[in-house]
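Hey, can you work out the whole structure from these sequences and the hints?
Protein chains in written order, with the numbering used here: chain W, 13 to 495; chain C, 13 to 495.
Just to be clear, a hint being listed does not mean it is correct.
No copy is singled out in the list; a pair is fine if it fits within one copy or between any two copies.
Here are the computed lysine to aspartate or glutamate pairs in the DMTMM-like style, where the Cα-Cα straight-line distance is at most 20 Å [what the hints assert, rightly or not]:
{"id": "1", "residue 1": "380", "residue 2": "86"}
{"id": "2", "residue 1": "387", "residue 2": "93"}
{"id": "3", "residue 1": "307", "residue 2": "272"}
{"id": "4", "residue 1": "230", "residue 2": "204"}
{"id": "5", "residue 1": "85", "residue 2": "177"}
{"id": "6", "residue 1": "85", "residue 2": "173"}
{"id": "7", "residue 1": "380", "residue 2": "90"}
{"id": "8", "residue 1": "85", "residue 2": "388"}
{"id": "9", "residue 1": "380", "residue 2": "93"}
{"id": "10", "residue 1": "387", "residue 2": "86"}
{"id": "11", "residue 1": "85", "residue 2": "98"}
{"id": "12", "residue 1": "476", "residue 2": "438"}
{"id": "13", "residue 1": "380", "residue 2": "92"}
{"id": "14", "residue 1": "387", "residue 2": "129"}
{"id": "15", "residue 1": "230", "residue 2": "438"}
Because the hints were derived from the structure by calculation, they are not lab data.
There are 2 protein chains.
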Amino acid sequence: MVGSVGNGLADLGASMNGNGKAAAEPLPMEMDPPADVMAAAAAAAAAEGEAASNGRREIVMGRNVHTSCFAVKEPDADDEETGEREATMASVLALYRRSLVERTKHHLGYPYNLDFDYGALGQLQHFSINNLGDPFIESNYGVHSRQFEVGVLDWFARLWDLEKDEYWGYITNCGTEGNLHGILVGREVFPDGILYASRESHYSVFKAARMYRMDCVKVDTLMSGEIDCADFQRKILQNRDKPAIINVNIGTTVKGAVDDLDLVIKTLEESGFKDRFYIHCDGALFGLMIPFVKKAPKVTFKKPIGSVSVSGHKFVGCPMPCGVQITRLKHINALSSNVEYLASRDATIMGSRNGHAPIFLWYTLNRKGYRGFQKEVQKCLRNAHYLKDCLKEAGIGAMLNELSSTVVFERPKDEEFVRRWQLACEGNIAHVVVMPSVNIDKLDYFLNELVEKRATWYKDGISKPPCIARDLGVENCLCGLHK
Amino acid sequence: MVGSVGNGLADLGASMNGNGKAAAEPLPMEMDPPADVMAAAAAAAAAEGEAASNGRREIVMGRNVHTSCFAVKEPDADDEETGEREATMASVLALYRRSLVERTKHHLGYPYNLDFDYGALGQLQHFSINNLGDPFIESNYGVHSRQFEVGVLDWFARLWDLEKDEYWGYITNCGTEGNLHGILVGREVFPDGILYASRESHYSVFKAARMYRMDCVKVDTLMSGEIDCADFQRKILQNRDKPAIINVNIGTTVKGAVDDLDLVIKTLEESGFKDRFYIHCDGALFGLMIPFVKKAPKVTFKKPIGSVSVSGHKFVGCPMPCGVQITRLKHINALSSNVEYLASRDATIMGSRNGHAPIFLWYTLNRKGYRGFQKEVQKCLRNAHYLKDCLKEAGIGAMLNELSSTVVFERPKDEEFVRRWQLACEGNIAHVVVMPSVNIDKLDYFLNELVEKRATWYKDGISKPPCIARDLGVENCLCGLHK
Numbered sequence: 013m014v015g016s017v018g019n020g021l022a023d024l025g026a027s028m029n030g031n032g033k034a035a036a037e038p039l040p041m042e043m044d045p046p047a048d049v050m051a052a053a054a055a056a057a058a059a060e061g062e063a064a065s066n067g068r069r070e071i072v073m074g075r076n077v078h079t080s081c082f083a084v085k086e087p088d089a090d091d092e093e094t095g096e097r098e099a100t101m102a103s104v105l106a107l108y109r110r111s112l113v114e115r116t117k118h119h120l121g122y123p124y125n126l127d128f129d130y131g132a133l134g135q136l137q138h139f140s141i142n143n144l145g146d147p148f149i150e151s152n153y154g155v156h157s158r159q160f161e162v163g164v165l166d167w168f169a170r171l172w173d174l175e176k177d178e179y180w181g182y183i184t185n186c187g188t189e190g191n192l193h194g195i196l197v198g199r200e201v202f203p204d205g206i207l208y209a210s211r212e213s214h215y216s217v218f219k220a221a222r223m224y225r226m227d228c229v230k231v232d233t234l235m236s237g238e239i240d241c242a243d244f245q246r247k248i249l250q251n252r253d254k255p256a257i258i259n260v261n262i263g264t265t266v267k268g269a270v271d272d273l274d275l276v277i278k279t280l281e282e283s284g285f286k287d288r289f290y291i292h293c294d295g296a297l298f299g300l301m302i303p304f305v306k307k308a309p310k311v312t313f314k315k316p317i318g319s320v321s322v323s324g325h326k327f328v329g330c331p332m333p334c335g336v337q338i339t340r341l342k343h344i345n346a347l348s349s350n351v352e353y354l355a356s357r358d359a360t361i362m363g364s365r366n367g368h369a370p371i372f373l374w375y376t377l378n379r380k381g382y383r384g385f386q387k388e389v390q391k392c393l394r395n396a397h398y399l400k401d402c403l404k405e406a407g408i409g410a411m412l413n414e415l416s417s418t419v420v421f422e423r424p425k426d427e428e429f430v431r432r433w434q435l436a437c438e439g440n441i442a443h444v445v446v447m448p449s450v451n452i453d454k455l456d457y458f459l460n461e462l463v464e465k466r467a468t469w470y471k472d473g474i475s476k477p478p479c480i481a482r483d484l485g486v487e488n489c490l491c492g493l494h495k
Numbered sequence: 013m014v015g016s017v018g019n020g021l022a023d024l025g026a027s028m029n030g031n032g033k034a035a036a037e038p039l040p041m042e043m044d045p046p047a048d049v050m051a052a053a054a055a056a057a058a059a060e061g062e063a064a065s066n067g068r069r070e071i072v073m074g075r076n077v078h079t080s081c082f083a084v085k086e087p088d089a090d091d092e093e094t095g096e097r098e099a100t101m102a103s104v105l106a107l108y109r110r111s112l113v114e115r116t117k118h119h120l121g122y123p124y125n126l127d128f129d130y131g132a133l134g135q136l137q138h139f140s141i142n143n144l145g146d147p148f149i150e151s152n153y154g155v156h157s158r159q160f161e162v163g164v165l166d167w168f169a170r171l172w173d174l175e176k177d178e179y180w181g182y183i184t185n186c187g188t189e190g191n192l193h194g195i196l197v198g199r200e201v202f203p204d205g206i207l208y209a210s211r212e213s214h215y216s217v218f219k220a221a222r223m224y225r226m227d228c229v230k231v232d233t234l235m236s237g238e239i240d241c242a243d244f245q246r247k248i249l250q251n252r253d254k255p256a257i258i259n260v261n262i263g264t265t266v267k268g269a270v271d272d273l274d275l276v277i278k279t280l281e282e283s284g285f286k287d288r289f290y291i292h293c294d295g296a297l298f299g300l301m302i303p304f305v306k307k308a309p310k311v312t313f314k315k316p317i318g319s320v321s322v323s324g325h326k327f328v329g330c331p332m333p334c335g336v337q338i339t340r341l342k343h344i345n346a347l348s349s350n351v352e353y354l355a356s357r358d359a360t361i362m363g364s365r366n367g368h369a370p371i372f373l374w375y376t377l378n379r380k381g382y383r384g385f386q387k388e389v390q391k392c393l394r395n396a397h398y399l400k401d402c403l404k405e406a407g408i409g410a411m412l413n414e415l416s417s418t419v420v421f422e423r424p425k426d427e428e429f430v431r432r433w434q435l436a437c438e439g440n441i442a443h444v445v446v447m448p449s450v451n452i453d454k455l456d457y458f459l460n461e462l463v464e465k466r467a468t469w470y471k472d473g474i475s476k477p478p479c480i481a482r483d484l485g486v487e488n489c490l491c492g493l494h495k
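Put into structure tokens, the structure is as follows:
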């Protein structure tokens, strides 16, 4: 089904190219080219150096995206009268919309809550809303939504125990921007600090180190995916003379592991780093869920942390990516006076900022409130347990961290199945992130299909399910050796 | 009128706070607190150090934004039944919408085309569209719009004369992201390069230098706002041993000045920098207009430039900020193989990326085409000339660069007038950016009001209009001394 919608779109794309040749070329079976194949090709190309890379990239770009893309075509002179152009565009959009419905229905792998209804905000799409600069200091551009933005920021500051006159923050474009900001604040507070992050941290953390020309030390992880504080201590002790800037994961990308914030702080203090560290908490997904998990350790500014970031399009759900960044006002004040470019009017990473995102967030926070989120978190955790239990009952190795709704399991053998369910994979493992839009029905649909297909993948008895003991531990592996 | 709408909103904000105290506090006369006052307070606070800054900032935050913001309130337990919460939210949104209409009508100072109709795309607001990662390599997340993104990128690459298999690019969140990316590419190509930028460059250029820990040299400007290539040569010759990374402005922020790209290249080559320079063109506004200006020098990859960025929400018009970044594929390939974090799947600054923005751009490019943009550019330039001529006829000093629709003139004395028309000001000058949404009627409305008010500002004969000879040159000043 996905394939047929995809082909329809690709055909339309080709016809919009106004290019019979493109339509005659073999089209991919699906709208999306196989990501894994391309990624592998790109990685291989990168490893082989530029010349080879050019050769490989050409294939990726020519065959897969440039051929199937919807080219922009110069309108004919009489388009206004015939209306043909508008009709073609409408049909492209209608088919695209249908593919989005299909894709949304079969989505399980990314931590996005796809269940939202912002119909009431449709009326605002006619305005160019831009919160350029600081949320608390208005620019002269009047078409903004700072009233909503500050309302949302106040809510988050309260959630993480920071007083109104002690915090600063803004609504970002995504989790990466939050990490870029948090780590930049850390570097400005400790210009010669070394960045420490577990090797299972989000790639944006290492990107930040490279961008900011900071020394960065990768710390080992436990089997759960949490930072290994014994290794952390060894590594900070090797750099006693330099302050420490630490990225703490409140839910890692792949395993949903929550780093032990209290142990990180204790390790720092016991190793002689008192007052010489800055902690940024990357709470992209779980930063907004953990406050509603009973008995979970608290992420709070009552502890000596410097900043917390969370994504808005993940647990809350939003048409486009966004995020929230909260830090201590004193750090921004220090920056404002120390740093020429960071006048108080420019303490964000970006310049112009999406003014619609704060309204989306404001709308959902107001409708659901703390109580609504609590219910949804509980539902997600319950459903995640259901999925993990069903997988194990079906003989499929799986793991679920206590503070997580990310179920990690044996990577399905068939890449078409992976793409169909949009699973995120790494080596021998895949994961499903149970969001509010993932209910039991959807999980059953997925489980039935997985069990059915899996029986065919391994029916010859020659190929076997992969061993995932190295990824998830012997106790979570159900391969021939470990079950 | 603006004031009354503003007060209505502020009242609602206070009532949503559920806090009688807030409503009893004196409310600002307008929805927006006076930006200049706050900016001045913040700047002063920054200069006076942290303690003082805390004191000042509290006033800014407490009185102005936190009081008038729309607080998020926990829903009552019976909200589902009474529907009261939803009704309150609907009324906040309706009043907010009204204020946006008002603000949009009186907007002149920022280079945003506010005239667009994306009604046909409303159907896509229900989807969480995310182009995370590289535009040319699909991730496993299926709800994306890469087909549109690549179509748009192809259009821009063609506009700037770069072949499909020789370019790389992506749709950014704003002009700042384009500059951050272009300068980062420059730094990765020449790790020990020095960044040169005219002092009238956008603040994001200097922010990039700070973020990336690059040496940065500010170059003087001519009266027009263009880079002074004599000063540029002096400065590069002082650093002969280090490669040069240059930000070239295709339209400066304040005066709309276009740096002389050919002269910059000639200066570099004559000073012995052949093959040891990287040029990023910041075309935020005018990068998309200059191709349609007759006799204008060309911004093209046939010249030795490395990257061009342009904003999408400016000349094109878009509900939220976005931009386009185009660079040479070989630079990204070099990065991909040299830089661990920049695998070909992560060559963007951000991680998750707004998938709606490419569709907005695709929609407008398809509807208007090169011909449509050409007509609009001509109209803007004509209207800008009209405004400049009318100002001068009315005895108001003004300047309009040949390659620009930004009219710079004597700063209006009354800050309320500045806020009402949302003019961008710097020192003694203000500007209006004539965009497609700014027609002759709007300009006449503005001109009449300005002339009328101005007569009252200076009627006592004691206070005089400011001299702007230092800002715009003697020939453009009409003060008592120079007229």
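Hints, one by one, checked against the model:
1. 380 <-> 86: Between copies only: 8 Å across, 46 Å inside.
2. 387 <-> 93: Classified as between; 18 Å across copies, 54 Å inside a copy.
3. 307 <-> 272: Close inside one copy (14 Å), not across copies (63 Å); limit 20 Å.
4. 230 <-> 204: Close inside one copy (17 Å), not across copies (26 Å); limit 20 Å.
5. 85 <-> 177: Intra 53 Å, inter 19 Å, cutoff 20 Å: inter-copy only.
6. 85 <-> 173: Cα proximity of residue 85 and residue 173: across copies only (16 Å, versus 53 Å in one copy).
7. 380 <-> 90: Intra 50 Å, inter 13 Å, cutoff 20 Å: inter-copy only.
8. 85 <-> 388: between (45 Å within a copy, 18 Å between copies)
9. 380 <-> 93: For residue 380 and residue 93, only the inter-copy Cα distance (14 Å) is at most 20 Å; the intra-copy one is 48 Å.
10. 387 <-> 86: between (51 Å within a copy, 14 Å between copies)
11. 85 <-> 98: Only inside one copy: residue 85 and residue 98 sit 12 Å apart there, 44 Å across copies, limit 20 Å.
12. 476 <-> 438: Close inside one copy (18 Å), not across copies (70 Å); limit 20 Å.
13. 380 <-> 92: Classified as between: cross-chain Cα gap 10 Å, same-chain 46 Å, threshold 20 Å.
14. 387 <-> 129: Within one copy only: 18 Å inside, 39 Å across.
15. 230 <-> 438: within (19 Å within a copy, 46 Å between copies)
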